Every structure is written in structure tokens, then in C-alpha cells.
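Turn these sequences into a full structure, and let the hints guide you.
Listed here are the chains, written in short residue letters.
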Amino acid sequence: MDQTQLLKGVLDLAVLAVVRGEDGYGYDIVRRLRDGGLADVGDASVYGTLRRLYAAGALTSYVVPSESGPHRKYYGITPIGRDQLKRQRDDWHTFSTTLDGLLDGPAHSTTSQGASA
Amino acid sequence: MNTTELPLRPDVAAFVARVRESLADLSDEDRLELTEGLEADLTDQVAEHGGTVLGDPEAYARELRSAAGFDPVPRRRRLHVPTGRSLAEQLDIVRHLWDDQVARPRIAPVWTVLVALRPAWWLVRAWVAAVAVARLVPGWYPYGFVWLPGVHQVLAVVILVVCLAGSTWVGLGRLWPGGARAVTPRAVLLALNVVAIVGVPVISGQLEAQSWSRYSQGYNEALRGSDDEGLVSRGQQVCNIAAYDASGQPLTGVQLFDQAGRPLDVACYGQAGRTVPWVLGDVNRWNVFPLGVRARPARTPERRADLSGASFPTPDRATTPAVTNPLVPEVVEPAPESDAPEGDAKKRDRQRDGVRQE
Chain X
1 MDQTQLLKGV LDLAVLAVVR GEDGYGYDIV RRLRDGGLAD VGDASVYGTL RRLYAAGALT
61 SYVVPSESGP HRKYYGITPI GRDQLKRQRD DWHTFSTTLD GLLDGPAHST TSQGASA
Chain E
1 MNTTELPLRP DVAAFVARVR ESLADLSDED RLELTEGLEA DLTDQVAEHG GTVLGDPEAY
61 ARELRSAAGF DPVPRRRRLH VPTGRSLAEQ LDIVRHLWDD QVARPRIAPV WTVLVALRPA
121 WWLVRAWVAA VAVARLVPGW YPYGFVWLPG VHQVLAVVIL VVCLAGSTWV GLGRLWPGGA
181 RAVTPRAVLL ALNVVAIVGV PVISGQLEAQ SWSRYSQGYN EALRGSDDEG LVSRGQQVCN
241 IAAYDASGQP LTGVQLFDQA GRPLDVACYG QAGRTVPWVL GDVNRWNVFP LGVRARPART
301 PERRADLSGA SFPTPDRATT PAVTNPLVPE VVEPAPESDA PEGDAKKRDR QRDGVRQE
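Chains as they are written, first to last, in full-length UniProt numbering: chain X, 1 to 117; chain E, 1 to 358.
None of these hints come from the bench; they were simulated from the model.
Every value quoted in this text rests on a predicted model; they were computed, and no experiment measured them.
Derived DMTMM-like pairs (lysine to aspartate or glutamate); straight-line CA-CA distance at most 25 angstroms:
hint	chain 1	residue 1	chain 2	residue 2
1	X	K8	E	E58
2	X	K86	X	D35
3	X	K86	X	D12
4	X	K8	E	D30
5	X	K8	E	E36
6	X	K8	X	D23
7	X	K8	E	D71
8	X	K8	E	E63
9	X	K8	E	D56
Below, the structure written as C-alpha cells:
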């Protein structure tokens, strides 16, 4: 299944997870996500998500000037962000457990579910 | 890997500029928030993966907007004012749309210049207001319509200064009844500004028409010649006349009258100060020639009484050639009426009926 479609719902969570330990600038965060296994994540999607999380107060940002090159914008997690991370992580675990149960459960259960619906 | 010091590549800069253009409908803050640091991030990516990593800037902008929670494509900003709202809200909406439009990257630099020129606009609308006020002054006439239409200059300056001060105070937001937020004053101010904008070409058109009518009036006056110009020959005022008889002898005390018997007075500028008139009783006669010429101009009656140094002019030539006219029988003695020297022959012919000679 296309990872991009799956990512849409959980990119916030993934981004919060990779900045939890250490602040990072845009492409740094993209790299962390890709190194962590989300190889197809689009950088623009990540930058947009960073902006949205910042606007929601989950992230803080600061600009680090560079002497010769363009300035870097770093993002760090805020207490609000940590709350959101914890809550969404719990949601995700619940959701994924449910989905695992659906996927790994007995075939008749799936059939009866389909029949009753 | 430390990539902080990588210089900005031109292709990255161009790409980011295109992305920013695609975000032009967003507010300055949102656009900055979305693209700040983008150069650095993309420079890193290009350094790692090469220039091909930069794709279509529009598609990139769509992804960026979408992920950030904006509409993926810029919404077309229409200058549409929703109905069913109060006038104040509608004014606010129009103002907001206007601010958005002028904040666009391609318009903003021009708008900045226009904003800097606002005092010039205050001056222009003050002038329009002053003209409008001056027209209400009784006795208005369309002459002198450069600074203000025909009112007394002092009054004109006062009106202009008052209007200018008022316009500037309003422009600075310090003088407007009800404050800048009240609905009616805002609407009135808007309407007055529109009137001023329309008023400039109207007044300017009147100005042009009036300057043309003044020009043609002056032209016509010059063509007619005005009443107090005295005697004119070939477009120039005649200041003195030298008369000769038919045999070419200069004459003194020649009285000239026109076809209706009116004296042919000469009236040059400063005539009384520069020449000595003949006298009939106690009346000065300016139609008797030649007039005596003063050695120096006398501008006061006292100095005019002093005739020292004054004399009759000496002609360039003492005599002119003798002339004949078939109407006048040839006589040995000089003919009394044919006195014209060559140069003034035509004029003398016209005036002959009125010429008498002592």
C-alpha cells in the first residue's frame, strides 16, 4: 500500500517523535524520518507539517544565522507538543492493536462482521 | 555532516522564489513561516542528491500548503463584498482585500512608493477643496485660475492654507469627526476622496479652457488695438510726426484731424514726459506736429514746466523730394494740402481731408 496515503494521518505523530529528543532544522528532520524507515516522505509535506505544528503551539522555532549560506530554521518540541505526542501515541497504539486484531483474527470473525454489516 | 556553511545556489534561490510566488495569496506571516529556512533545507538536499531533486515548484508549493493546512491551490481573491452585512463590516472587508492585493510581492514595491507620496495627494485634494470653496465666494470670476479661481489673492491664500491644513490633519488621522472607525465619517471621507479624484481632471479641464479663452481674448484685443493706444502706424505707436510741404520743405505747427474732424492725438508711453505739446489756450494739443522733444524725460509736472534743453526734432534730411498730385493744379507756390513725405504717403492720403496747415 502506498505509504504516502498512510502517512497523512500520522505525519504529525512521526514528526513529533523525531524532534522529541533533539531540536532539528527542516531537512534534518526529513532525514531522521527517512533514516527511520519513512523513505518516501516528501520534504514539502514535512515542512508544511512543521509549520502547522508550530502554529498549533506543539513546536517552537528559532532561526540560526549562517555566515556564508542561507539561515537555518530549527524546531524544538514544547510541553504542548509532548502532550500531543503522548496522546497521539496512545491513540496510535490502540488503533494499531485494533487493526492488528482485525488483520490477524480468525477468518470467520471477519466474515461474520461483514455479514452483520 | 556540517552543511551549515553551504552557499545558496542560484537554482535553489530561483526555486524558492517560485514557491513563494505560489504562496502569494497567503499573509506575509504565513508565507514567511512556510518558507523561512527553505533555502537552507533545499541547499542541503541538492548537495546530497543533486539539482534534480528540485521538481516542479508549483507542485512543491501545493504539497507545502496542503501539509500546513492551507488550501492546496491559491483561492482566487475576488473583490466580492458579501451582502447582508453592515456598512462598517463591508468597508473592513474591502479594506482587507485591498491590503492583501497591495501586499502581493509584485505590487508591494510600487505601493510603497505610492504610500510615500501620500502627502502629495493631501496637497492635491486640498487644492480641489480650495477651488470648490473659492467658487462659493461672491464675485467669483474665472480669471487668475491658477492657484485659485478669481478671488482676492489674500483670500485665496487663506482658503488654500486652511484646506491644506485640514487635508493634512485628516490624512494623518488626527482630525475627523467620530474618529477613524465610525461608519458615517469613513463613508463620507471615502466619498470626498472620490470626489477629489474626479475633481482634479474637471478643474484641470476648466483651467485649460480658461487659459485658452484668456489667450484668445488677449489675442483679439491685440488685433483690435485698444482705445488708448493713440495713433498707430504699421502696428507701432506713432510718437511724433514730421510734416513737409509738396516742395519738400519741413513744416512746423501742422494740425492733424481724422475724417470725422477728431484730433489725431499721439499717445506713446511716457508721451507727456518726453515731448512738449502745443497749447490751445490752457489745453495741451497732441495733434499738432512736430512735437517738441525734451532733453531728458520729465515725470513730474514741476519738471515739465522746465523747458530748458527741449527743441523740435531735427529730421534726418532737411528736405524731401517735391511731389505732385493731378488733383492739385500746378502752381509755383508750394501746394498747401499735399504735404506727405514719401514714406508716409498712404497715411497722409487718408488723413488729407483732416489736415490743416498754418
